[in-house]
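J.: For reference, the chains in residue letters:
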Amino acid sequence: QIDYTGTEPSSPCNKCLNVSWDSPTPCTCTINFTLEHSFESNVFMYYGLSNFYQNHRRYVKSRDDSQLNGDNSSLLNPSKECEPYRTNEDKPIAPCGAIANSMFNDTLELYRIDNDTRIPITLIKKGIAWWTDKNVKFRNPTGDGNNLTALFQGTTKPVNWRKPVYMLDSEADNNGFINEDFIVWMRTAALPTFRKLYRLIERKDNLAPTLQAGKYSLDIAYNYPVHSFDGRKRMILSTISWMGGKNPFLGIAYITVGSICFFLGVVLLIIHHKYGNRNTSADIPN
Amino acid sequence: QEREELFFRALCLCHTVQVKDDDSVDGLKKNRLSRRSCIYISSSPDEVALVEGIQRLGYTYLRLKDNFMEILNRENNIEKFELLEVLSFDSVRRRMSVIVKSSTGDIFLFCKGADSSIFPRVKEGKIDQIRSRVERNAVEGLRTLCVAYKKLTAEEYSKAQKLLQNAKLALQDREKKLAEVYEKIERDFILLGATAVEDRLQEKAADTIEALQKAGIKVWVLTGDKMETAAATCYACKLFRRNTQILELTTKKIEEQSLHDVLFDLSKTVLRHSGSLTRDTFSGLSTDMQDYGLIIDGAALSLIMKPRQDGSSGNYRELFLEICRNCSAVLCCRMAPLQKAQIVKLIKLSKEHPITLAIGDGANDVSMILEAHVGIGIIGKEGRQAARNSDYAIPKFKHLKKMLLVHGHFYYVRISELVQYFFYKNVCFIFPQFLYQFFCGFSQQTLYDTAYLTLYNISFTSLPILLYGLMEQHVSADTLKREPSLYRDVAKNALLRWRAFIYWTFLGVFDAVVFFFGAYFLFENTIVTSNGQMFGNWTFGTLVFTVLVFTVTLKLALDTHYWTWINHFMIWGSLVFYIIFSLLWGGIIWPFLNYQRMYYVFMQMLSSGPAWLGIILLITVSLLPDVIKKVLCRQLWPTATERIQTKHQCLSVEQSTIFMLSQTSSSLSF
Chain D
1 QIDYTGTEPS SPCNKCLNVS WDSPTPCTCT INFTLEHSFE SNVFMYYGLS NFYQNHRRYV
61 KSRDDSQLNG DNSSLLNPSK ECEPYRTNED KPIAPCGAIA NSMFNDTLEL YRIDNDTRIP
121 ITLIKKGIAW WTDKNVKFRN PTGDGNNLTA LFQGTTKPVN WRKPVYMLDS EADNNGFINE
181 DFIVWMRTAA LPTFRKLYRL IERKDNLAPT LQAGKYSLDI AYNYPVHSFD GRKRMILSTI
241 SWMGGKNPFL GIAYITVGSI CFFLGVVLLI IHHKYGNRNT SADIPN
Chain W
1 QEREELFFRA LCLCHTVQVK DDDSVDGLKK NRLSRRSCIY ISSSPDEVAL VEGIQRLGYT
61 YLRLKDNFME ILNRENNIEK FELLEVLSFD SVRRRMSVIV KSSTGDIFLF CKGADSSIFP
121 RVKEGKIDQI RSRVERNAVE GLRTLCVAYK KLTAEEYSKA QKLLQNAKLA LQDREKKLAE
181 VYEKIERDFI LLGATAVEDR LQEKAADTIE ALQKAGIKVW VLTGDKMETA AATCYACKLF
241 RRNTQILELT TKKIEEQSLH DVLFDLSKTV LRHSGSLTRD TFSGLSTDMQ DYGLIIDGAA
301 LSLIMKPRQD GSSGNYRELF LEICRNCSAV LCCRMAPLQK AQIVKLIKLS KEHPITLAIG
361 DGANDVSMIL EAHVGIGIIG KEGRQAARNS DYAIPKFKHL KKMLLVHGHF YYVRISELVQ
421 YFFYKNVCFI FPQFLYQFFC GFSQQTLYDT AYLTLYNISF TSLPILLYGL MEQHVSADTL
481 KREPSLYRDV AKNALLRWRA FIYWTFLGVF DAVVFFFGAY FLFENTIVTS NGQMFGNWTF
541 GTLVFTVLVF TVTLKLALDT HYWTWINHFM IWGSLVFYII FSLLWGGIIW PFLNYQRMYY
601 VFMQMLSSGP AWLGIILLIT VSLLPDVIKK VLCRQLWPTA TERIQTKHQC LSVEQSTIFM
661 LSQTSSSLSF
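Protein chains in written order, with the UniProt record's numbering: chain D, 1 to 286; chain W, 1 to 670.
Please keep in mind that the hints were generated in silico from the structure rather than gathered at the bench.
Keep in mind the model is a prediction, meaning the values are calculated, not measured.
Don't be surprised by glycine CBs; every beta carbon is placed ideally from N, CA and C.
Please note that the accuracy of each hint is not assured.
[Unchecked claim] Below are the EDC-like pairs computed for lysine to aspartate or glutamate, each with C-alpha atoms no more than 20 Å apart in a straight line:
1) W/Lys-218 <-> W/Glu-75
2) D/Lys-274 <-> W/Glu-642
3) D/Lys-246 <-> D/Glu-36
4) D/Lys-246 <-> W/Glu-524
5) W/Lys-401 <-> W/Asp-489
6) W/Lys-401 <-> W/Asp-207
[As the list claims (entries may be wrong)] Okay, the calculated bits of chain D under chain W, using three or more residues with CB under 8 Å as the criterion:
7) 46-55
8) 125-137
9) 195-201
10) 254-265
Use the sequences and the hints to build the structure in full.
T.: Dropping the structure here:
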């Protein structure tokens with residue numbers, strides 16, 4: 001876990017702390033860190049936010065699922081739930097709503113430092129959203145031609161975005177509404193401290209570990225201001241097993257409950273043996 | 001000899017019995033009629049008994065035609081008597097009279113009534129003989145009546161008639177004026193004789209009363225009969241047993257000592273033993289404890305209830321109730337109907353506010369039935385008045401036993417469980433939502449999807465408890481009938497007291513906390529899927545909801561003692577329905593919805609290993625305290641009910657029966 005909010009003056013990202021969201025040149029900072037142990041299997045890179053209430057009621061309501069499903073009528077006439085992020089200068093916003101408007105737009109890049117050379121680590125951006133979300137729930141508006149710019153004619157970008165939605169990615173199947181980063185952001189998190197999947201680091205071959213132990217540096221394009229509401233940002237690297245990430249809770253809970261049950265079993269067996277025998281011969285008292 | 005003839009004629013004439021002519025076309029029936037067995041109808045079966053009895057002695061009452069009563073006497077001649085007046089029966093003066101004119105022109109006043117109301121007005125006749133006979137009859141438990149007559153001259157009669165007319169037509173205080181006139185007319189009788197009617201106890205009345213007493217229910221008998229008759233009846237129906245010490249609070253005693261002294265004596269006697277008695281052990285069946293029975297009559301009661309000028313009547317009532325509380329049975333005799341209601345009210349308002357049940361079969365019981373919490377009427381020979389005014393009507397007294405001990409017990413257990421369970425499951429439902437507010441900025445964001453919110457109480461959790469409320473038999477019906485003492489376990493609203501309610505609420509809160517924080521710690525700062533993708537807030541809510549539905553349903557399954565196929569079907573069916581509903585709800589992009597937030601949420605949740613493990617763990621943890629409590633309490637401090645339950649095989653499939661009792665509606669006409 002690396003916290004890169006930059007509130008402390010010593011942090012390299014301190015200079016980016018008060019950058020505004022629409023400055024033309026993004027503020028960049030670099031944080032160096034060391035991995036103690038190597039990560040063997042596939043590594044997953046997350047960005048985490050704290051004190052960010054994605055589960056606030058007005059926030060969760062503020063979206064238009066039919067617009068995101070590619071419905072052409074909703075594209076030009078978004079639902080009322082999206083207010084005040086519904087129209088901008090009389091043009092409908094696509095995608096509308098506060099959730100879309102606050103999309104996370106920091107860019108994180110990972111380099112491995114090996115004897116003063118920075119080796120970039122390939123980050124895969126496909127496969128981070130739910131398959132059903134990407135292929136069924138979120139669809140680009142239909143029309144003739146594959147030109148997304150034409151399909152999104154008549155709409156404008158959300159207020160706090162730099163680029164409109166059809167310029168999120170150069171690849172056609174990750175552009176528009178079906179951009180996976182966008183989809184991951186639109187799935188509102190349950191708790192105020194959450195993490196969302198950012199990129200995947202795949203294991204190249206079975207011999208070498210995915211990420212060796214050693215020095216690494218994280219290049220951040222700091223676009224997303226969180227300081228105003230005392231939020232924090234961090235980057236998390238994690239490996240996943242069939243049970244998910246590191247989750248001590250389940251293990252501790254099972255062991256505790258198991259031992260309690262075992263202990264109770266023994267105690268109740270003793271009690272039953274001692275007192276149970278008197279039940280079978282007891283008459284009903286008058 | 002003349003008096004004897006008059007006696008028979010008096011009995012034949014002094015009544016309000018009607019003859020029902022059998023109008024059937026059947027030839028056989030007509031033949032029967034010729035043998036002169038008519039069908040008599042009256043509001044009082046006593047009168048019918050008397051008329052039928054006289055018939056056997058040779059005097060048959062035939063009919064009332066054109067104001068003439070016709071009698072067939074021993075020589076098979078028809079005698080006609082003109083019916084001039086009927087001074088009808090009322091329960092205050094306890095007698096009735098008729099004024100008839102015989103064919104010879106003599107005017108007779110025949111009077112029939114209770115001995116206490118006839119003897120004071122009699123001036124000649126074999127008074128002592130008859131009185132001793134009457135007392136002997138009463139001790140044997142027979143209902144006694146006395147018959148007297150007076151011959152009226154024509155002027156006496158016309159005077160009486162005028163008085164009666166005036167009184168009957170009076171516009172104000174008609175009853176008072178009538179009572180005064182009756183008093184004036186009915187005096188200076190010549191005693192003719194006495195009758196005795198055996199009022200047989202209903203079958204199994206003794207058994208029922210014994211069972212009720214074993215169940216801890218106090219039984220009081222309120223009757224209009226005289227003390228000796230009533231006492232004999234009580235011994236017959238086992239209300240007073242052989243070793244019951246009878247305490248008397250009767251008019252006789254009060255004449256000897258003042259009311260004050262009598263009350264104090266009695267309370268001293270009774271309270272001597274009360275220190276060692278606890279309410280629960282009071283079945284009165286153990287032979288080493290002295291058992292008291294109290295007899296009180298109507299006059300004494302009215303003295304107790306009369307408000308005194310110095311305001312000390314409260315003490316008398318309190319003292320009286322104190323005495324009654326320590327007696328195993330109370331007999332109130334010579335009760336007027338209103339006094340019966342008065343006593344019921346007195347008990348209702350006493351310190352412990354007990355629930356009262358009044359059961360009766362005659363019109364004189366109606367006020368008592370209306371006053372008590374539960375009024376039961378017996379549809380019997382005395383007509384339908386009692387049944388019409390009651391909450392429940394039963395054909396025989398013995399049915400009370402099954403009604404109270406089996407059906408009442410079952411319904412109580414079912415209803416108390418229903419109420420507690422409803423509060424419990426809704427606490428479990430809403431409390432996680434409440435806890436979630438702390439984590440969503442208090443913005444009232446719901447934890448569960450609206451479909452779940454709506455359908456929770458309607459479809460996911462409603463049917464199992466409904467079936468429980470209809471079919472649960474925590475102990476089998478036969479066992480309940482056999483062991484009336486099991487009723488004590490639910491006495492005094494035991495299952496709905498504060499303690500039970502707080503236990504259920506605590507359980508609900510504990511479960512809710514387990515659900516919510518279990519899911520919270522499961523989700524906090526980790527990823528629970530095997531492909532690294534995240535779960536959103538709807539998945540979180542669905543996880544909590546799934547654990548919730550399974551837990552509350554399994555809690556009901558743990559509480560069910562009587563498993564029928566319907567129970568199995570409903571409980572497991574509800575769970576299956578929940579799963580199917582969730583799959584369907586999330587499986588399709590529903591066109592009519594304007595949000596698609598639940599799309600595939602349930603399936604995604606099920607695809608995560610930790611979610612499964614978490615569900616199983618949380619269900620187990622939330623059910624654990626209740627299971628422990630049940631097992632511990634059963635082993636260490638079992639109630640009588642639980643002891644019987646352990647003898648019963650568990651999880652055997654039983655026959656499903658639904659008992660239905662319908663309440664009488666007073667608008668029904670018979």
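J.: For each hint, tell me whether it holds in the structure or not.
T.: Tested hints:
| no. | hint | result |
| --- | --- | --- |
| 1 | W/Lys-218 <-> W/Glu-75 | violated, 55 Å |
| 2 | D/Lys-274 <-> W/Glu-642 | holds, 17 Å |
| 3 | D/Lys-246 <-> D/Glu-36 | holds, 16 Å |
| 4 | D/Lys-246 <-> W/Glu-524 | holds, 11 Å |
| 5 | W/Lys-401 <-> W/Asp-489 | holds, 17 Å |
| 6 | W/Lys-401 <-> W/Asp-207 | holds, 9 Å |
| 7 | 46-55 | holds (count 5) |
| 8 | 125-137 | holds (count 8) |
| 9 | 195-201 | holds (count 4) |
| 10 | 254-265 | holds (count 5) |
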